[in-house]
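Peer 1: With the hints as a guide, bring the two chains together.
Line by line, the protein sequences are chains A and B.
Residue numbers are given in our numbering: position 61 of the first sequence equals residue 61, and the series is strictly consecutive.
Residue numbers are given in our numbering: position 1 of the second sequence equals residue 1, and the series is strictly consecutive.
Quick caveat, the hints were computed from the structure, so don't treat them as lab data.
Hints may contain errors.
As the list claims (entries may be wrong) - Computed from the model, here is a short list of chain A residues facing chain B with C-beta under 10 Å:
no. : residue
1   : 16
2   : 23
3   : 24
4   : 28
5   : 35
6   : 37
7   : 39
8   : 40
9   : 44
10  : 48
11  : 52
12  : 56
13  : 58
14  : 61
Unchecked claim - List time: in silico DSS-like cross-link candidates among lysine-lysine, alpha-carbon distance up to 25 Å:
no. : chain 1 : residue 1 : chain 2 : residue 2
15  : B       : 52        : B       : 38
16  : B       : 3         : B       : 14
17  : B       : 69        : B       : 46
18  : A       : 59        : B       : 3
19  : A       : 44        : B       : 14
20  : B       : 79        : B       : 14
21  : A       : 80        : A       : 90
22  : B       : 14        : B       : 25
23  : B       : 79        : B       : 42
24  : B       : 42        : B       : 80
25  : B       : 69        : B       : 31
26  : B       : 25        : B       : 38
27  : A       : 59        : B       : 46
28  : B       : 14        : B       : 31
29  : B       : 69        : B       : 42
30  : B       : 80        : B       : 69
31  : B       : 52        : A       : 44
32  : B       : 42        : A       : 44
33  : B       : 38        : A       : 44
34  : B       : 42        : B       : 52
35  : B       : 3         : B       : 50
36  : B       : 25        : A       : 59
37  : A       : 44        : B       : 50
38  : A       : 59        : B       : 50
39  : B       : 42        : B       : 25
40  : B       : 80        : B       : 46
Built from N, CA and C at the ideal position, the CB exists for glycine as well.
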Amino acid sequence: MKMEDMPLSGPDNTRLEALVHDIYSELVDDACLGLCFEVHRAVKQGYFFLDETDQESMKEFEIVDQPGVDIFGQVYNQWKNKECECPNCKRLIAASRFAPHLEKCLGMGRNSSRIANRRLASNNNMSKSESDQEDNDDLNDNDWSYGAEKKAKKRKSDKSQNSPRRSKSIKHKNGDLGSGVSTEPYKYNYNTGISYETLGPDEVRSLLTTQCGVISEHTKKMCTRSPRCPQHSDEQRRAVRVFLLGPSAPSLPDPDAVVESESFDIPDGQTLMSRLQWEDSPDISPTDSASSKASTNHSDSKRPKKKKRTSLGLNRGLGGGVSLTGGGGGGSSSSSQSNISLSIKKKRPKLSAPSISSIYDDLN
Amino acid sequence: MSKESRMRATVNQKLAEMGERERLKELLRAKLTECGWKDQMKAHCKEVIKEKGLEHVTVEDLVVEITPKGRALVPDSVKKELLHRIRAFLAQHAT
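One chain only, chain B, in its complex shape (with noise of 0.2 Å):
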């Protein structure tokens, strides 16, 4: 096992390395705007922020009603493209 876990190591490495983790996650940014994702969070966002009350509401708080959300909504195409890419990475650069 940790020789996966040395594997999964490099290839962290090598993608914040070669900035391909970077293009990556803007990547992703751009897709998710584009897509309305974003506006979608931010709506949700609201709604928890009204429940919690505008002076009290921490990160913590948001991260727990967003995250689980935020994965589900991610659309189908954004998620095939990106796994396509990292895919392509690894066959490119793997060990």
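Excised from the complex, chain A in its bound form (with noise of 0.2 Å):
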């Protein structure tokens, strides 16, 4: 507030200030007047004491003023914790996450269409296997019950690691391999390693090209990391090759060679498994035959994301690049090279072609 030039000097001041105090008791008896004229007229009227009942109902709806509990008395939290049994799949779920729930249950709400659809959409994109309505309803319901939580956190792990994105964060893990391309194949297994027993010959021999592959002693898995990775030694990656490939296992391939492989779904491997007769020393005549199912499997089997080259275009790409072993081993190891051919990236034909020859000089 602006205080102006105060036109009273210093014994007018306290006379100022009495004024003011003046005014101010003024107002206040007028306050206290007002209201007991206003008691007055209620008690006359005989309104005074409405708002009374008998002793007990007074007790009764007293304000409470008790930590924890409101002015009625009421507990803030007591329904936390409750569970209620769900009459469509009969779980149990706590009571907060009831009606959400039961709207995802009961496949009525608002969101839960739009749910479903987009799950049978990324469904149909991946895997085989059924989704289960229900069991995904757990996922997105991050219900509190403990049973829940833990198939919830199960099938968490397990839905997350095929989605798309997971990928991506793979691809960095992988040092420096091409894409994230190369652990799509992988997916359906955890992604520290490969079991090296699904996969067939080719398979085994293309993953070693472009990882590590040494085989962990606790998890039976190979080693996903880049050749030169620090954990393990080339003798282990040797060794591994020797193990899985045979005695004329090729060489550790060159670590500039960029490699990617094509998206190998589990199940074709299995059924190439299946096929193939799994000997130390692969004859050529069975790499022919897996070789040529393969190349069909592979144009057979879906493509859910990106690279849409088809086997058939590596292996016009490739035959145009290494031109060095053309003469060697005629038909056949042109096709077995057709099966290679895939694993490896068009760009750089030049610097795989001599890691190729070294192979199937070793064969033939």
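Peer 2: Encoded structure:
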């Protein structure tokens, strides 16, 4: 408030203050008087004591002033820990999550159809495994019940493994591999490694050209890191290659070769396995049949993401690049090459050519 | 002294003319209700009435009982604010 120059001097100031206080007292007296009139009228008109009842009721509805309780005496979190049984799926759901869960469980809410459609679409794209409607509801619900939490956690890890995002994050993990696609064929395995038992020799070979491949003792899985990964020595890598591909195993691939594998579907690999005869030194003819089957399998299999190149396209590209071994093994080696070609990037055929030639020199 | 009383009269007149008095009254009432003063005083009234008997209570009885207590129970914050406003008014409109 702006204070203008007081027109009165010192002693007058006290008079002014007194005046101020007098005015204030008048105002307060007015208020008190007003209250008295109000009360007196209420008494005389008989409505002053209307809000009072008998002592018992008064005690019952008295204002409560305790900690942890509201003024009516109700506990705040009382129903938080209660669980209700869902009439649809017969599970125990926490009370505060019950309504959203019912919405999804019965398929009647605003979002439930959207979520269901989305899930169906993604499931069609990916695995053949059936998605149980209810179980996926659990994922979305973040339900509180203990059992559901365990289930949800486990399924969640499964679900997130299949999502498209995951391959991007794995991309960084695999170091100097060309792209995240290399991990796609292994998406059903845990991202720490691959189980060599489920793969055919061609797949193993292609894997070993791109990855370290050393089999861990604890998990029996192949290391998916780069062939120069510091965790394993070259000796170990060599031993693995001998173990998996036979005594005439190829030398370790040139580290500069940038390789890329097509997206293998594991079910296809398994069918491959059943058709293959697994021997220590693979003969040419089974390799031939395997390679032809592999190529047809590739064209048949679904490609969910990115790479639309067929195996045929790669063959052609590589056939042009690798002319060194063209004269070598003749028809058989070229068809074997076609298998390997699937795993080798189009852009750098020259660098990988020497390694391929060494592989097939041994075999031939 | 009559100068002073004249001055007071002038001030009061000004207060009333400009509507400031009404405004201050309303402000005080609102603040007292807000802070619970009114409920406190009503409870006190109830006691007085129960004491005196419902039929025979008069305004005077109430006034005598209520006013001193009422003056004492006004909270300091309310009092300060009101004094401040009165002073501001006087500073603005003093002769």
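Peer 1: Does residue 38 of chain B pair with residue 44 of chain A here, judged by a C-alpha cut-off of 25 Å?
Peer 2: 19 Å, holds
Peer 1: Can residue 28 of chain A be said to touch chain B, with a Cβ gap under 10 Å?
Peer 2: 6 Å, holds
Peer 1: Given the proposed pairing of residue 25 of chain B with residue 59 of chain A, does the C-alpha separation stay at or below 25 Å?
Peer 2: 37 Å, violated
Peer 1: Straight-line Cα separation of residue 25 of chain B and residue 38 of chain B no greater than 25 Å?
Peer 2: 14 Å, holds
Peer 1: Holds or violated: the hint that residue 48 of chain A contacts chain B, with Cβ atoms closer than 10 Å.
Peer 2: The hint holds - residue 48 of chain A has a Cβ within 10 Å of chain B, the shortest such distance being about 7 Å.
Peer 1: Is the hint on residue 16 of chain A kept, meaning its closest Cβ partner in chain B is under 10 Å away?
Peer 2: Since the shortest Cβ distance to chain B is 7 Å, the answer is holds.
Peer 1: Take a quick look at whether residue 69 of chain B and residue 42 of chain B sit within 25 Å of each other, Cα to Cα.
Peer 2: 11 Å, holds
Peer 1: Do the numbers back the hint for residue 40 of chain A, that is, is its least Cβ distance to chain B under 10 Å?
Peer 2: Where the cut-off is 10 Å and the nearest Cβ of chain B is about 5 Å from residue 40 of chain A, the hint holds.
Peer 1: Does residue 59 of chain A pair with residue 50 of chain B here, judged by a C-alpha cut-off of 25 Å?
Peer 2: 20 Å, holds
Peer 1: Has the given pair, residue 52 of chain B with residue 44 of chain A, been kept, meaning a C-alpha gap of at most 25 Å?
Peer 2: Holds, because 13 Å separates the two Cα atoms, which is no more than 25 Å.
Peer 1: For the pair supplied as a hint, residue 52 of chain B and residue 38 of chain B, is the alpha-carbon distance within the 25 Å limit?
Peer 2: 21 Å, holds
Peer 1: Between residue 44 of chain A and residue 14 of chain B, is the straight-line Cα distance small enough, at 25 Å or below?
Peer 2: 37 Å, violated
Of the numbered hints given earlier, the model fails hints 12, 13, 14, 18, 19, 35, 36, 40; all others are met.
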